[in-house]
Amino acid sequence: MVAGLMVVAGSSGCTDSGSGGRMVDGTPASSVADIVKEASEFGGLVIPPDAKVLDARTDRGIDTSYRIALSTDSAGVNALLTGSGITPPLTRTYHVTVEIIAGPPLATSPSLLETGDRYQRPDGKHVSRDITVDERDQTTRYVHIQLFDT
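Using the numbering used here, read the sequence shown as starting at 573 and increasing by one per residue.
Treat the hints with care, as some may be off.
[As the list claims (entries may be wrong)] List time: in silico DMTMM-like cross-link candidates among lysine to aspartate or glutamate, alpha-carbon distance up to 25 Å:
| no. | residue 1 | residue 2 |
| --- | --- | --- |
| 1 | LYS697 | ASP721 |
| 2 | LYS609 | ASP645 |
| 3 | LYS609 | ASP689 |
| 4 | LYS609 | ASP702 |
| 5 | LYS609 | ASP622 |
| 6 | LYS697 | GLU613 |
| 7 | LYS697 | GLU686 |
[As the list claims (entries may be wrong)] Quick list of simulated restraints, FRET-style, between CB atoms:
| no. | residue 1 | residue 2 | range |
| --- | --- | --- | --- |
| 8 | SER646 | THR722 | 28 to 36 Å |
| 9 | ARG632 | TYR666 | 26 to 34 Å |
| 10 | GLY688 | THR712 | 17 to 25 Å |
| 11 | ASP635 | THR711 | 29 to 37 Å |
| 12 | GLN710 | ILE634 | 36 to 44 Å |
| 13 | ASP606 | GLY688 | 20 to 28 Å |
| 14 | LYS624 | THR654 | 13 to 21 Å |
Keep in mind that the hints were calculated from the coordinates and are not lab data. From the three backbone atoms N, C-alpha and C, an ideal C-beta is built for every residue, glycine too.
Using the sequences and the accompanying hints, generate a full structural model.
Structure follows, in C-alpha cells:
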C-alpha cells in the first residue's frame with residue numbers, strides 16, 4: 573500500500589530518456605513512482621505518506637532487488653517500520669556497506685542506525701529487507717531501503 577507519495581527528482585546519475593523516464597541499458601525503465609509501488613508490493617513495505625522519495629531503482633537478473641531512498645523525520649521512520657511489520661529494533665552502527673542511491677554520503681553522517689528482517693510474501697517466497705537510517709540532525713532522516721529475494 574503506497575499512499576500519498578511525494579516523488580522528488582534527484583540527481584542520481586541515471587541517464588534520462590528525454591521523455592521523463594529512466595534508461596537502463598538503453599531501454600526506458602519504470603518511473604520512480606512505479607518502482608516504489610512495485611517494491612512496496614514485493615517487500616510488504618508501507619511508505620509513510622509524508623516521506624519524500626528521493627530515488628528508487630530495481631534490478632531483475634537472476635534475483636530481484638529494489639533500492640529506495642527516502643527523506644522523512646523520526647515519526648516517518650517509525651511509521652515505515654511499524655506499518656511494514658519490521659520488528660527488530662534500529663541499532664547504532666559505525667560501518668555500513670550499503671551503496672546509497674540518493675541523499676548525502678553515509679560517511680558524513682553523525683549517526684547511523686540499521687535493522688532488517690526476512691518478510692514472507694503471500695506467495696510463500698521470502699524477501700530480505702535491510703534498512704539503514706542516516707540521522708542527519710534532530711529532524712531529518714534519510715532512509716535507505718534494500719529489498720532482495722536471494
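A quick look at each hint next to the structure:
no., hint, verdict
1, LYS697 with ASP721, "holds (8 Å)"
2, LYS609 with ASP645, "holds (21 Å)"
3, LYS609 with ASP689, "holds (20 Å)"
4, LYS609 with ASP702, "holds (17 Å)"
5, LYS609 with ASP622, "holds (15 Å)"
6, LYS697 with GLU613, "holds (13 Å)"
7, LYS697 with GLU686, "holds (23 Å)"
8, SER646 with THR722: 28 to 36 Å, "holds (30 Å)"
9, ARG632 with TYR666: 26 to 34 Å, "holds (33 Å)"
10, GLY688 with THR712: 17 to 25 Å, "holds (22 Å)"
11, ASP635 with THR711: 29 to 37 Å, "holds (36 Å)"
12, GLN710 with ILE634: 36 to 44 Å, "holds (42 Å)"
13, ASP606 with GLY688: 20 to 28 Å, "holds (24 Å)"
14, LYS624 with THR654: 13 to 21 Å, "holds (19 Å)"
Consistency note: the structure conflicts with none of the earlier hints.
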